[in-house]
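Build the full structure now, drawing on both the sequences and the hints.
Those sequence lines, one after another, are chains A and B. Quick note: the first sequence uses my numbering, first residue 1, plus one each step. Quick note: the second sequence uses my numbering, first residue 431, plus one each step.
Some clues are possibly wrong.
[Unchecked claim] With a straight-line cut-off of 20 angstroms between C-alpha atoms, the simulated EDC-like cross-links for lysine to aspartate or glutamate are:
(1) B:Lys658 x A:Asp421
(2) A:Lys410 x A:Asp421
(3) A:Lys378 x A:Asp211
(4) A:Lys209 x B:Glu708
(5) A:Lys168 x B:Glu555
(6) B:Lys709 x A:Glu411
(7) B:Lys658 x A:Glu379
(8) B:Lys658 x A:Glu404
(9) B:Lys497 x A:Asp211
(10) A:Lys410 x B:Glu708
(11) A:Lys209 x B:Asp469
(12) A:Lys410 x B:Glu739
(13) A:Lys209 x B:Asp468
(14) A:Lys209 x B:Asp502
(15) A:Lys410 x B:Glu705
(16) B:Lys712 x B:Glu746
(17) B:Lys658 x A:Asp211
(18) A:Lys382 x A:Glu156
(19) A:Lys368 x A:Glu379
(20) A:Lys410 x B:Asp502
(21) B:Lys712 x B:Glu784
(22) B:Lys494 x B:Asp468
Honestly, the hints are just simulated from the structure, not real lab data. Quick caveat: nothing in here was measured; it's all calculated off a predicted structure.
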Amino acid sequence: MADRPERTDNKPQLSLHIPEPNYRPGADEVDFSAIEIPEAGAQPRPDEACDPTETHGLCTDLIRVLGEDNRAHGPWDPKLDPDTLREMLHHFSLVRAFDERMFRGQRQGKTSFYMKCTGEEATSISTSMALQQDDMVFPSYRQQGVLIARGYPLLEMINQIYSNSGDKLKGRQLPIMYSSREHSFFSISGNLATQVPQAVGWAMASAIKHDTRIAASWVGEGSTAEGDFHAACTFASVYNAPVILNVINNQWAISSFSGFAGSERATFASRAIGYGLAGLRVDGNDPLACYAAERWAANRARTNSGPTLIEFFTYRAEGHSTSDDPSGYRSAQERDAWPLGDPVVRLKNHLIELGEWDEDRQAEMDLKAAEKVKADTKEAEKNGILGHGMHQPFHTMFEDVFEEEPWHLKEQNAQSQAERDKKYPDGVPH
Amino acid sequence: MSETKEKPKQGRDATGDDRRLNMIEAINDALDVAMGRDDNVVVFGEDAGYFGGVFRCTAGLQEKYGKTRAFDTPISECGIIATAIGMGAYGLRPVPEIQFADYIYPGYDQIISEAARLRYRSAGEFSAPITIRSPFGGGIFGGQTHSQSPESLFTHASGIKTVIPATPYDAKGLLIAAIEDNDPVIFFEPKRIYNGPFDGFFDRPVKNWKSHPDSVVPEGHYAIPLGKARLVTEGEQLTVLTYGTMVHVAKAVMEEKGVEADILDLRTLVPLDIEAVEKSVKKTGKCLIIHEATRTSGFGAELSALVQERSFYHLEAPIERVTGFDTPYPHSLEWAYFPGPVRIGAALDKLLSE
Chain A
1 MADRPERTDN
11 KPQLSLHIPE
21 PNYRPGADEV
31 DFSAIEIPEA
41 GAQPRPDEAC
51 DPTETHGLCT
61 DLIRVLGEDN
71 RAHGPWDPKL
81 DPDTLREMLH
91 HFSLVRAFDE
101 RMFRGQRQGK
111 TSFYMKCTGE
121 EATSISTSMA
131 LQQDDMVFPS
141 YRQQGVLIAR
151 GYPLLEMINQ
161 IYSNSGDKLK
171 GRQLPIMYSS
181 REHSFFSISG
191 NLATQVPQAV
201 GWAMASAIKH
211 DTRIAASWVG
221 EGSTAEGDFH
231 AACTFASVYN
241 APVILNVINN
251 QWAISSFSGF
261 AGSERATFAS
271 RAIGYGLAGL
281 RVDGNDPLAC
291 YAAERWAANR
301 ARTNSGPTLI
311 EFFTYRAEGH
321 STSDDPSGYR
331 SAQERDAWPL
341 GDPVVRLKNH
351 LIELGEWDED
361 RQAEMDLKAA
371 EKVKADTKEA
381 EKNGILGHGM
391 HQPFHTMFED
401 VFEEEPWHLK
411 EQNAQSQAER
421 DKKYPDGVPH
Chain B
431 MSETKEKPKQ
441 GRDATGDDRR
451 LNMIEAINDA
461 LDVAMGRDDN
471 VVVFGEDAGY
481 FGGVFRCTAG
491 LQEKYGKTRA
501 FDTPISECGI
511 IATAIGMGAY
521 GLRPVPEIQF
531 ADYIYPGYDQ
541 IISEAARLRY
551 RSAGEFSAPI
561 TIRSPFGGGI
571 FGGQTHSQSP
581 ESLFTHASGI
591 KTVIPATPYD
601 AKGLLIAAIE
611 DNDPVIFFEP
621 KRIYNGPFDG
631 FFDRPVKNWK
641 SHPDSVVPEG
651 HYAIPLGKAR
661 LVTEGEQLTV
671 LTYGTMVHVA
681 KAVMEEKGVE
691 ADILDLRTLV
701 PLDIEAVEKS
711 VKKTGKCLII
721 HEATRTSGFG
731 AELSALVQER
741 SFYHLEAPIE
751 RVTGFDTPYP
761 HSLEWAYFPG
771 PVRIGAALDK
781 LLSE
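See the structure below:
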């Protein structure tokens, strides 16, 4: 306290609060009973064109459809037909198989990095099924389910992950940072939350041009602390942009629990209130609730009724990425103790309860998904794996910095060629 | 890069004289032309809509093109740039305005990590054909927060073009080219010369553009290709590399001191017109670099390195740099900071005595 005189009064001393999660590895007994889980079907469903204030109660509630009885309940039941439900389950199965194989591929040294979405599948697959195929999506890094639901070839995803000669992004992006204009899937950025206001801008453009397409973005709860997120909320609100701001609250931002993004004081959905946005808080492990909420917001945006901020309350069952060891910072029992279950199991049990599915068909589907991923992986490996030489030609390094290559890049391109000629006088060995 | 195919009409005013505009009017004219030709061009920024911008550069555009093509924004540079990127990805040609370059930093990540790299990271699938306009530079008693010249923070990033006009004629032609360009462009407008050329002698009467030959601005569409410098004066004694306000200061100092110099107005820093630089330095053998931005790691350092690498054996004297100091722009001591005639004169004496 060098800059203050010695204390001579009895005023209360200030203290700084450092958030701490409830459970750490080892000693702590996991107990999620403090999480309020309302009954499925008990949440009101306001009109899609309602005033945002009518959603305020839903910003602290939790929209749920699938009950403990594996049946759909209440006004948010999207009443999907069994074929659609089976299609959803099929996408779930494929994403699980894909994650499993790509994770192993990384461990085998076929690529540098991978990120699983285990436990969060409904937040991308069910939600994107509620959008039109040509609505523009601005995903973050854990929405592989969106591409799979949109029918993007697995082969292209694996080519991208391997950064091989078949990679349409020319081996420039970190694995899983896909882009597909054809599938209205915006290029993923590693700088967090940057794409949220970009999605708002896209939606504003769509509105300026009197288009019919809307935009949706995904961001983790940790990244809502970024200024970009708040800029996005402001612009979405100010211009009534036809956009959906999806916040995936999976409880963890690498090793920092959601308290460091401000969850101790308010839900992420309740951020909507201050901005005048409609806000919904949804059971992110309930595929039907995820679908219904996203469809509600999409219909709202599509009819110029306004933007929506949706918090999907879910749990990241795996580590942040292949570079992360969650056993170092969170209790190993958390995953099993998570009270909202597993979205794949919940959907499967729902279909079984409806008499539209059974365990044998599930096992067969899972097997087929694994085989499909395996076959596509083998096919992709023909185009090379990371670091084994079968990458894009060297000169592509200098392409696409600008539309046309300016002189300084032409010179550096020539320099790069000369370096290789010197290193490999008999020609590059691959 | 776009080059005009139409022959510009030489505008005449009511008296039959050539149409003369100051830089603000020229920029306004450029926006008008661009918006008139392509309804994907949209203009927005803080106060840029109804009021027409604090410097009036966007005046009248909302009235003419409607509220959805020229509009005000929240005070959020991050939001302004980010939404421009999204609009650009959609297929519009957004021209966001950042009211002062000093305030561009909250949008900096969106510019250099997002706009500048979008084409590269998506292998050409998406791009951000945006033109970020922003007044920059000092000389208006703007203090630390209204006087900065941050151009080298952008020239150092890959994938973005940096354009700085020095005359009304160039301001219009370069701005139209920037808007029509498919890459993201930073368009820095030297606000000291918005209303008139500035000779660096702050205690002399303020000049306006009326009698300046480069204030003749043709009506209609014309574009000045990005990446091409302008030879302002020709001379054998030395080469001056400069841009923006300092073009006029350099010219005035050379005239006062009777020095015959090739003054190159670079106009575009990235891509740089290296041919023009090399050609002139090889001719004169001496090089003076002038900019208003702080010295260390300023664009002058890059220019100096390029000249040295390419023309060393033609140089008859060490390259001289005249710049702002490595301090923030001090409000009350503005003219002691400004790289004016005294500092330029000293560099000239040094160069010419070699």
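So, going through the hints one by one against the coordinates:
1. B:Lys658 x A:Asp421: Outside the cut-off at roughly 33 angstroms; violated.
2. A:Lys410 x A:Asp421: Since the Cα atoms of Lys410 (chain A) and Asp421 (chain A) sit roughly 17 angstroms apart, the hinted pair holds (cutoff 20 angstroms).
3. A:Lys378 x A:Asp211: violated, 41 angstroms
4. A:Lys209 x B:Glu708: violated, 46 angstroms
5. A:Lys168 x B:Glu555: The hint holds at about 9 angstroms.
6. B:Lys709 x A:Glu411: holds, 18 angstroms
7. B:Lys658 x A:Glu379: Since the Cα atoms of Lys658 (chain B) and Glu379 (chain A) sit roughly 48 angstroms apart, the hinted pair is violated (cutoff 20 angstroms).
8. B:Lys658 x A:Glu404: holds, 15 angstroms
9. B:Lys497 x A:Asp211: holds, 17 angstroms
10. A:Lys410 x B:Glu708: holds, 17 angstroms
11. A:Lys209 x B:Asp469: Given pair Lys209 (chain A), Asp469 (chain B) holds - Cα atoms ~9 angstroms apart, limit 20 angstroms.
12. A:Lys410 x B:Glu739: Roughly 17 angstroms between the alpha carbons, so the hint for Lys410 (chain A) and Glu739 (chain B) holds.
13. A:Lys209 x B:Asp468: holds, 13 angstroms
14. A:Lys209 x B:Asp502: holds, 18 angstroms
15. A:Lys410 x B:Glu705: holds, 14 angstroms
16. B:Lys712 x B:Glu746: holds, 10 angstroms
17. B:Lys658 x A:Asp211: Roughly 39 angstroms separates the two Cα atoms, so the pair is violated.
18. A:Lys382 x A:Glu156: Cα-Cα ~12 angstroms, so holds.
19. A:Lys368 x A:Glu379: At roughly 16 angstroms apart (the allowed maximum being 20 angstroms), Glu379 (chain A) and Lys368 (chain A) satisfy the hint.
20. A:Lys410 x B:Asp502: violated, 40 angstroms
21. B:Lys712 x B:Glu784: holds, 16 angstroms
22. B:Lys494 x B:Asp468: Satisfied, since the Cα-Cα distance of roughly 14 angstroms is no more than 20 angstroms.
When held up to the earlier numbered hints, the structure conflicts with 1, 3, 4, 7, 17 and 20 and fits the remainder.
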